[in-house]
Structures are given as C-alpha cells and as structure tokens.
Amino acid sequence: MPAGQDIGFREQYLRSLKTRSVGRWEWIALRLTGVFLVVFVLAHLWFLHYAKANHLSFQDISARLQGRRFQMLDLGLLVLAFAHGLAGVRRVILDFGVLSLGAEKALRWVLFVIGGVGVFLGYRIFEAFLGAWGRAG
Amino acid sequence: MTNRNRNLGYYMWLAHRITGILLAVYLFAHILTLSAALRGAEAFNQTLRAFDNPVVRAFELGLVAIVVFHMLNGLRLIALDLFPSWSQEYLAFAVLLISLGVIVISVPFFF
Numbered sequence: 050m051p052a053g054q055d056i057g058f059r060e061q062y063l064r065s066l067k068t069r070s071v072g073r074w075e076w077i078a079l080r081l082t083g084v085f086l087v088v089f090v091l092a093h094l095w096f097l098h099y100a101k102a103n104h105l106s107f108q109d110i111s112a113r114l115q116g117r118r119f120q121m122l123d124l125g126l127l128v129l130a131f132a133h134g135l136a137g138v139r140r141v142i143l144d145f146g147v148l149s150l151g152a153e154k155a156l157r158w159v160l161f162v163i164g165g166v167g168v169f170l171g172y173r174i175f176e177a178f179l180g181a182w183g184r185a186g
Numbered sequence: 034m035t036n037r038n039r040n041l042g043y044y045m046w047l048a049h050r051i052t053g054i055l056l057a058v059y060l061f062a063h064i065l066t067l068s069a070a071l072r073g074a075e076a077f078n079q080t081l082r083a084f085d086n087p088v089v090r091a092f093e094l095g096l097v098a099i100v101v102f103h104m105l106n107g108l109r110l111i112a113l114d115l116f117p118s119w120s121q122e123y124l125a126f127a128v129l130l131i132s133l134g135v136i137v138i139s140v141p142f143f144f
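Residue numbers (this note's numbering), protein chains in the order written: chain A, 50 to 186; chain W, 34 to 144.
If we strip away everything but chain A, and leave its shape as in the complex, we get:
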C-alpha cells in the first residue's frame, strides 16, 4: 500500500484480521449466530415486552412455555445469545493485541466454561417454568 493512501477504516480492520488468529469459522459463526439472533431477539422482545406490555407474571410465562414453538424460541435464544456474546467478547479481547497461542487457547476454554454455566443456569430457569405448570395442572 503506497504511503499516505486512505484505505478506509473498515478495509484496514479487515486486513488486520488476516494477520491475526481470528479463524475463518469464527468469522462465519459470529455472523450466522447474529443473523439467527435477529429473528430470535425480535420475537423475544415482541412476545414478552411489546405484545403484553408490562403484564408479565410467572404464571403467564409458564403457560406460554407449554407451546413447542415458544420452547424452541427460548432454548434457541439461550444458546445463540451465549455463543454469539462470548464469541464477540473473544474477538474484542483478541483485538487488543496478539496473545500467545497458549493464552488464546486458555481464553477459549474460559469463555466456553462461562458460556456453559450461563446456558446451564438458563436451562434450569426454563425447567422451573415448565415444572411449575406440571405441578399446578
């Protein structure tokens, strides 16, 4: 690149990625989960916060979650949100500077464990809503 040529910030950033360890699969995974999240998050916001504006209760959520589609919506959202969020956090951390290969592997595992805990806790909450209905009905 000739000195002083303005290649634009985006082009510069994309080029810098090629010299670092942000893998191709990670690039695609972040985008794929992002596209799915657009649909899932919009549905989540609409059904929980717009369509029933501020009239939520444990019983409402429990009843709604008996539907197969809502179960898939919530579980899909849970996994996608943690995957996308932690992959994004990883990318931001890597952008601060090149880590050693060992540190990078360690980071991946730390984020994987954090995500696992988050999804596990989310699933327990999901079960609490499902189970309560079984006991009540």
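Hints are computed from structural coordinates only; laboratory data are not their basis.
Remember, predicted model here, so these are calculated numbers, not experimental data.
Glycine included, every Cβ here is placed at the ideal spot set by N, Cα and C.
There may be inaccurate statements among the hints.
[Claimed, not checked] If you only want the chain W side, here are some residues facing chain A, beta carbon under 8 Å, derived:
hint : residue
1    : 42
2    : 52
3    : 55
4    : 61
5    : 67
6    : 70
7    : 74
8    : 77
9    : 104
10   : 109
11   : 111
12   : 124
Here the structure of chain A is known, so what remains is to put chain W in place on it, guided by the hints.
Below, chain W alone, put in the same frame as chain A:
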C-alpha cells in the same frame, strides 16, 4: 490497529463493540435476575414487581435502543461483506435513523 482512520466507519465499529460488550454483560444480569424463578412463582413475581418502576423502564428502553442498534449495524456489516460496492455511509445513516425511529415508537410501550 494503529493509525486508525477516524471516519464514520470507525465510530460505528467502536459503537458496535461497546454495545456488544454491554449486551454480553446484560445477558448475565438477565439470567441472574430470572433465576428468581428457581425460588418459586412468588419470588419471581415479587422480583417482577420490584422492577416495575420508571427507572427500570427507562433502563429497558435504553436496552432496546442498544439491541436495535447492534442488530441493524450487524446486518449492515454482513451486507457490506456480501456486497462490498454498497455505500457504507448511506447504510450507516440508515442504521442510525431506523434505530432512532424504533426507539421513538417504543416509548409508549414502556411508559
């Protein structure tokens, strides 16, 4: 990442990062508050009632703003990957305008 060009694209990139980090933090906060459900229906409804005030609703509206911006800007980034010839600036302005529109339309849902 030295010698950054401080153009609109840079600020959109920065905003995408900041909103992304905020959303990741919120994701954990969201799961933690929802975990009141593990202590039973009454504990959960009590938590909901505690959150039912103007301050939290303003916070939620801000959250919607962050989500919508991050969502639209993410779609803009994908569009630029797929169609590099599209104007980055026009798309950026579209993202900002639509985000603003959604926030304004959302106000009556929260207050």
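Results of checking the hints against the structure:
With a least beta-carbon distance of about 4 Å to chain A, the hint placing residue 42 of chain W at the interface is held under the 8 Å criterion. Annotation: interface hint on residue 52 of chain W violated; nearest CB of chain A at approximately 10 Å, more than 8 Å. At its closest, the beta carbon of residue 55 of chain W sits 11 Å from a beta carbon of chain A; the interface hint therefore is violated under the 8 Å criterion. A least Cβ separation of about 6 Å between residue 61 of chain W and chain A falls short of the 8 Å threshold, and the interface hint therefore holds.
Because the beta carbon of residue 67 of chain W sits about 5 Å from the nearest beta carbon in chain A, less than 8 Å, this interface hint is met. A hinted interface residue such as residue 70 of chain W counts as satisfied when its beta carbon comes closer than 8 Å to some beta carbon of chain A; here the least separation is about 4 Å, so the hint holds. Hint status for residue 74 of chain W relative to chain A: holds, with the closest Cβ pair at about 4 Å, below 8 Å. For residue 77 of chain W, the shortest C-beta to C-beta distance to chain A is roughly 4 Å, which falls under 8 Å, so the interface hint holds.
At a threshold of 8 Å, the smallest CB-CB gap from residue 104 of chain W to chain A is about 5 Å, leaving the interface hint in force. Annotation: interface hint on residue 109 of chain W violated; nearest CB of chain A at approximately 11 Å, more than 8 Å. Hint status for residue 111 of chain W relative to chain A: holds, with the closest Cβ pair at about 6 Å, below 8 Å. A distance limit of 8 Å between C-beta atoms decides the matter here; for residue 124 of chain W the minimum to chain A is near 11 Å, and the interface restraint is violated.
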